[in-house]
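Using the numbering used here, you'd call the opening residue of the sequence shown number 1 and step up by one each time.
No wet-lab data here; the hints were simulated from the structure.
All C-beta atoms in this analysis are idealised placements derived from N, C-alpha and C, irrespective of residue type, glycine included.
Treat each hint with caution, since some may be false.
[Said to hold, decoys possible] Computed beta-carbon distance windows for the label pairs: (1) Ala41 to Gly110: 20 to 30 Å; (2) Ala99 to Val33: 34 to 44 Å; (3) Lys84 to Gln32: 50 to 60 Å; (4) Trp113 to Arg9: 50 to 60 Å; (5) Met91 to Gln32: 24 to 34 Å.
[What the hints assert, rightly or not] Okay, derived cross-link-like pairs now, SDA-like style, lysine to any residue, Cα gap no bigger than 25 Å in a straight line: (6) Lys35 to Thr77; (7) Lys35 to Val14; (8) Lys80 to Lys105; (9) Lys80 to Asp97; (10) Lys80 to Ile102; (11) Lys80 to Phe103; (12) Lys105 to Asn82; (13) Lys84 to Ser95; (14) Lys105 to Tyr88; (15) Lys35 to Phe11; (16) Lys35 to Ile2; (17) Lys84 to Gln112; (18) Lys80 to Met107; (19) Lys80 to Asn116; (20) Lys105 to Ala76.
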Amino acid sequence: MIVICESCRGFMQVLRPEDLRGSHGGYQVVCQVCKLEIPVADFPGGKLVCSYYPKLKEVSEVLSSDSDVGRDQTDATCPKCNHKRAYYTEMQTRSADEAATIFYKCMGCGNQWREN
1 MIVICESCRG FMQVLRPEDL RGSHGGYQVV CQVCKLEIPV ADFPGGKLVC SYYPKLKEVS
61 EVLSSDSDVG RDQTDATCPK CNHKRAYYTE MQTRSADEAA TIFYKCMGCG NQWREN
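Taking the hints into account, I'd like the entire structure generated from these sequences.
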C-alpha cells in the first residue's frame, strides 16, 4: 500500500517508534518531503500493512565482535605470528556470481586478514 501525503502529495513511510526522534508512543506515517506525521491509529481501522527488512551488518560490525565464543575455527597460518589456528567468517562482499570473502582472526595474536 502506498500512502500519499495529503499536504504535499509526497510519499509517506511507516516508521517504528524506535526509528522516530522523540516519544510518539506508536507507529507513525511520515512524509519523506514535508515531514508531516500521522499516527497509524488515525488511519481507517487503525491498521496499515507494511514490510520491514532487517538491517544488514557491515563487515566491520561482524569482524569487531568482542566475543569469539562459538566462532568457527580452521587451520590457517597467521602472516604476522605464524600461529596455525584462526577463527574465520565467510561473507559475500561482492556480487553473488563471485566467490565469498573469508575473514580470519588469529587465535594467537588477534591479527586479522582476508582472502578473496
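Against the structure, the hints:
1. Separated by about 51 Å at the C-beta atoms, Ala41 and Gly110 break the suggested range of 20 to 30 Å.
2. For the pair Ala99 and Val33, the supplied restraint of 34 to 44 Å holds, since their beta-carbon distance comes to about 42 Å.
3. Taken as a hint, the range 50 to 60 Å holds for the pair Lys84 and Gln32, whose Cβ atoms sit roughly 53 Å apart.
4. At about 52 Å, the CB distance of Trp113 to Arg9 agrees with the hint of 50 to 60 Å.
5. A hinted range of 24 to 34 Å for the beta carbons of Met91 and Gln32 is consistent with their spacing of about 31 Å.
6. Of the supplied pair hints, the one linking Lys35 and Thr77 is violated, its CA atoms being roughly 54 Å apart against a limit of 25 Å.
7. Of the pairs offered as hints, the one joining Lys35 and Val14 holds, with about 12 Å between alpha carbons and a cut-off of 25 Å not exceeded.
8. For the proposed pair Lys80 and Lys105, the alpha carbon gap of about 11 Å is at most 25 Å, so the pair holds.
9. For the given pair, Lys80 sits about 31 Å from Asp97 by alpha-carbon distance, which is inconsistent with the 25 Å threshold.
10. The straight-line distance between the Cα atoms of Lys80 and Ile102 is roughly 17 Å, inside the 25 Å bound, and the hint therefore holds.
11. A C-alpha spacing of about 15 Å is found between Lys80 and Phe103, which places the hinted pair at or below 25 Å, so the restraint holds.
12. At roughly 12 Å between alpha-carbon atoms, Lys105 and Asn82 fall within 25 Å of each other, so this suggested pair holds.
13. A distance of roughly 31 Å separates the Cα atoms of Lys84 and Ser95; the hinted pair therefore is violated under the 25 Å criterion.
14. Restraint check: the Cα-Cα separation between Lys105 and Tyr88 comes to about 6 Å, which is no more than 25 Å; the hinted pair holds.
15. With a C-alpha separation of about 10 Å, the suggested pair Lys35 and Phe11 falls inside the 25 Å cut-off, and the hint holds.
16. Distance check on the hinted pair: Lys35 and Ile2 sit about 16 Å apart at the alpha-carbon level, within 25 Å; holds.
17. The hinted pair formed by Lys84 and Gln112 meets the criterion: a straight-line CA distance of about 13 Å does not exceed 25 Å.
18. The suggested pairing of Lys80 with Met107 holds, with an alpha-carbon distance near 12 Å, which does not exceed 25 Å.
19. Taking the CA atoms of Lys80 and Asn116, the gap is near 18 Å; set against the 25 Å cutoff, the hint holds.
20. For a cut-off of 25 Å, the pair hint linking Lys105 to Ala76 stands: about 9 Å separates their Cα positions.
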